[in-house]
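Asker: Residue strings, one per chain:
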Amino acid sequence: MSPSPVGPYLPLAVTLLVSGLMAAALPVLAHFLGPRRASKVKSESFECGSVSEGSARQRFAVKFYVVALLFIVFDIETVFLYPWAVNFKALGWFGYAEVAAFAATLLVGLAYVWKKGALEWET
Amino acid sequence: MSAEALLFYVFALCTVVSAGAVVLARGPMTSAMSLVATFFFLAGVYALLWAHTIAVLQVLVYAGAIMVLFLFVIMLLSMTEPEPAMKLNVARVVGALSAVGLGAALIASFWKLPTQPMGWAEDSARAAAFGTLKTVGEIIYTRYLLPFESVSLLLLAAIVGAVVVAKPRI
Amino acid sequence: MTLPDLTAADLQPVLPALVLAAGASVLLLSEVFLTTASRSHLALIALGSSVLAGGVALATAFEPAHAVFQGLAVQDPFSSFVTVVVCLGLAGVVLLSADFLKQRQAERGEYYALMLFAAAGMSLLAMSAELITLFINLEVLSVSTYALTAFLRRGPRPAEAAFKYFILGAFSAALFLYGSALLYGVTGTTRLADMVGPLRTAMHTQPWLATCALALVAAGFAFKVAAVPFHMWAPDVYEGAPTPVTALMSAGVKAAAFAGLVRVFLFLGRADPEVVALALSALAVLTMVGGNLLALPQRNVKRMLAYSSIAHAGYLLLGVAALFPHPGTGVLAATPLMLGSPAVNSADAYKGILFYLLAYTVSSVGAFGVLSVLERHADGDGATAWDLDRFSGLAQRRPGWAVAMAAFMLSLAGIPPTVGFMGKLLVFRAAVDSGLLGLAIIGVLASAAGAYYYLRIVVYMFMRPAPAEGVLPEKYWATELALVASAVAVVALGVLPGRVADWLSQSGMFFGTR
Numbered sequence: 843m844s845p846s847p848v849g850p851y852l853p854l855a856v857t858l859l860v861s862g863l864m865a866a867a868l869p870v871l872a873h874f875l876g877p878r879r880a881s882k883v884k885s886e887s888f889e890c891g892s893v894s895e896g897s898a899r900q901r902f903a904v905k906f907y908v909v910a911l912l913f914i915v916f917d918i919e920t921v922f923l924y925p926w927a928v929n930f931k932a933l934g935w936f937g938y939a940e941v942a943a944f945a946a947t948l949l950v951g952l953a954y955v956w957k958k959g960a961l962e963w964e965t
Numbered sequence: 016m017s018a019e020a021l022l023f024y025v026f027a028l029c030t031v032v033s034a035g036a037v038v039l040a041r042g043p044m045t046s047a048m049s050l051v052a053t054f055f056f057l058a059g060v061y062a063l064l065w066a067h068t069i070a071v072l073q074v075l076v077y078a079g080a081i082m083v084l085f086l087f088v089i090m091l092l093s094m095t096e097p098e099p100a101m102k103l104n105v106a107r108v109v110g111a112l113s114a115v116g117l118g119a120a121l122i123a124s125f126w127k128l129p130t131q132p133m134g135w136a137e138d139s140a141r142a143a144a145f146g147t148l149k150t151v152g153e154i155i156y157t158r159y160l161l162p163f164e165s166v167s168l169l170l171l172a173a174i175v176g177a178v179v180v181a182k183p184r185i
Numbered sequence: 024m025t026l027p028d029l030t031a032a033d034l035q036p037v038l039p040a041l042v043l044a045a046g047a048s049v050l051l052l053s054e055v056f057l058t059t060a061s062r063s064h065l066a067l068i069a070l071g072s073s074v075l076a077g078g079v080a081l082a083t084a085f086e087p088a089h090a091v092f093q094g095l096a097v098q099d100p101f102s103s104f105v106t107v108v109v110c111l112g113l114a115g116v117v118l119l120s121a122d123f124l125k126q127r128q129a130e131r132g133e134y135y136a137l138m139l140f141a142a143a144g145m146s147l148l149a150m151s152a153e154l155i156t157l158f159i160n161l162e163v164l165s166v167s168t169y170a171l172t173a174f175l176r177r178g179p180r181p182a183e184a185a186f187k188y189f190i191l192g193a194f195s196a197a198l199f200l201y202g203s204a205l206l207y208g209v210t211g212t213t214r215l216a217d218m219v220g221p222l223r224t225a226m227h228t229q230p231w232l233a234t235c236a237l238a239l240v241a242a243g244f245a246f247k248v249a250a251v252p253f254h255m256w257a258p259d260v261y262e263g264a265p266t267p268v269t270a271l272m273s274a275g276v277k278a279a280a281f282a283g284l285v286r287v288f289l290f291l292g293r294a295d296p297e298v299v300a301l302a303l304s305a306l307a308v309l310t311m312v313g314g315n316l317l318a319l320p321q322r323n324v325k326r327m328l329a330y331s332s333i334a335h336a337g338y339l340l341l342g343v344a345a346l347f348p349h350p351g352t353g354v355l356a357a358t359p360l361m362l363g364s365p366a367v368n369s370a371d372a373y374k375g376i377l378f379y380l381l382a383y384t385v386s387s388v389g390a391f392g393v394l395s396v397l398e399r400h401a402d403g404d405g406a407t408a409w410d411l412d413r414f415s416g417l418a419q420r421r422p423g424w425a426v427a428m429a430a431f432m433l434s435l436a437g438i439p440p441t442v443g444f445m446g447k448l449l450v451f452r453a454a455v456d457s458g459l460l461g462l463a464i465i466g467v468l469a470s471a472a473g474a475y476y477y478l479r480i481v482v483y484m485f486m487r488p489a490p491a492e493g494v495l496p497e498k499y500w501a502t503e504l505a506l507v508a509s510a511v512a513v514v515a516l517g518v519l520p521g522r523v524a525d526w527l528s529q530s531g532m533f534f535g536t537r
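Residue numbers (the working numbering), protein chains in the order written: chain A, 843 to 965; chain B, 16 to 185; chain C, 24 to 537.
So that you can see chain A by itself, here it is in the shape it has in the complex (with noise of 0.2 angstroms):
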């Protein structure tokens, strides 16, 4: 048998029916086996028990754009870092020496970011 592309989706693609059926099922099972008494408090978005006030869609500062910019980055780090951990036996210590290096680097870039505040929520 030819191997096929999605071969090795498979058990994605049952782990994805699986949780996509519970999810479906939940709420059409507490539709019909739940009771329903509505109220006025009920209907009210809940917010942690504390009475919600103004507007969700609030606008972000634009403070959190940093941690959106750095999250890329950072991610497009820990991207790099896949294929290595499929090679590493194969490649060795050399491989090894490689990654360090390039993650040396984006250290320098974390400490740098860390101690200029930049990842700070508060400031």
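These aren't lab readings, by the way, just hints derived from the structure by calculation.
Because the structure is a prediction, the values reported are computed rather than measured.
Don't be surprised by glycine CBs; every beta carbon is placed ideally from N, CA and C.
Each statement offered as a hint is correct.
Here are the simulated distance ranges between beta carbons: (1) L949(A) / P440(C): 43 to 53 angstroms; (2) A927(A) / T30(C): 24 to 34 angstroms; (3) L67(C) / V108(B): 51 to 61 angstroms; (4) P27(C) / Y924(A): 17 to 27 angstroms; (5) F888(A) / A60(C): 45 to 55 angstroms; (6) P869(A) / P27(C): 51 to 61 angstroms; (7) V860(A) / L21(B): 16 to 26 angstroms; (8) A182(C) / F913(A): 19 to 29 angstroms; (9) L91(B) / L852(A): 37 to 47 angstroms; (10) L949(A) / P320(C): 45 to 55 angstroms; (11) L91(B) / D525(C): 53 to 63 angstroms; (12) A238(C) / A106(B): 23 to 33 angstroms; (13) A927(A) / L57(C): 30 to 40 angstroms.
Got chain A sorted already, so can you dock chains B and C onto it with the hints?
Answerer: Chains B and C in isolation, oriented as in the chain A frame:
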């Protein structure tokens, strides 16, 4: 019809529909979420092409990181303002014409496709190895180690650049 | 899997870039961990790294050309010399920045770190011989310069400049990438040396696809070197960026982008020399004429220097076009200016390009240096900060600056006895030798027109009375050091170009040529 062909049509149709939703949706958040869906279905198409690394990248980087940035931008801007009415101006006409032109060119290229599948696409063993994380990793970490290390320089410059540009006071 | 056999000798070509990157890392860490009141050590670290990197590049510049990293990069005198020029320009720019930032209370490690990253990218770009490597290094230098443009955001103008630079830069990167993808599709390889043969075949079998690919790659580079008609971003960006950053753009970025352009088209041009030479000649004519004509009416000196930078890209493009034989076909053959059958001596053309890069680097760093001390930050980003009147009577107020500026202006105009004249002489001679007499004549006429706006500054400095309120404040040690060094270089290399020019005409200058 084989299972792959069936899956391809499912993914392709879903990609087109969700891409259409990106353009046609009224709310920016709906557009962004449709874009996430487009990325996922596109990743499925890549997987069908044996391009497993690209498929993973599509989900991790595009649907994960870059969409987060898109959502941030949408949240940064106020969403309560009324939408501008659709008006016909030169930019829209030119945009529509070029979209139609590109579509026509792509459709026309179907007739220029070679009738025989490309040589190595029939070699299933080679196709199966092509584009996996393992193969790509082998190439990146042996042949392309210079650009790989340059990428770390690029990312570091991008980190510093992001902080310099986005922090109000540095 | 076979692991590449890396030795210390393989790392040696990238040593200048490593030195620059290490310097940048030290700067970043000292910025956050060493928070002292005085910050003059930052400029010193940057200066030390650039001098060290330049020295390392100079020490290896006489090695024979060879491929490194499995052909992804090459080490040849050409790449080493470009690195030396870049480090020279960087050292000058760092000196200018020291005073410029101190005056504005903006001395930050990030600023110098980004400059060093940009320089590392430039050094690596000059030696890249493979499209992916080339693109990533091009992006290293671009991303750093985008951020530097936005470094001092006081007022809308710098923000606009940075945004414009980023958007158009990303657009040009996309063009380059599209062209690279098409080239890979056509030839099945990304290594420039392996690409020549398949591309030559493809020029016959798929002429449209191959030509489109080449045109897209050329357009990407034309954006970076600001060649007409891809120059629109340059005046606004040059004007909006902090003046030392503008100096880096005109000196370092231009040199590195030209190195990349020469590297790519010397390989790919072999596939169809006539088409490539014709395209480069057309770009050269447009850029020489357009840059000079647009600079003529400028009263804003910073904008004027931006257009002048475009014009100089034109002369350099003429030098690049001279690398190809012009066998007397095509459009120019119809003119009586074409010579019969020219023999290209590419050593002369390399000499012209590289000497011109050196000449333009020292002259423009000096010119922007004088500009950076004359602009008062109190004027903010108002256009008057760089008005021609700023130079009125400078000879009475600061004779040293005026003499140095006069030397830079003469050099940019190409008037002897300056390095700019020698550069133009070498480029035009190489152009004539390769059969581009018509283009050389256009170049001479264009630079004659350009002399008007350069000499106008000299006239203002020496023949206009100084304005009454002309108070020129404190001393600028670092800037004056840079000014003296570049002025000496401008004159010395103009009078005695011998040693450097001889070195540049050595054989085996460029990997892949004899």
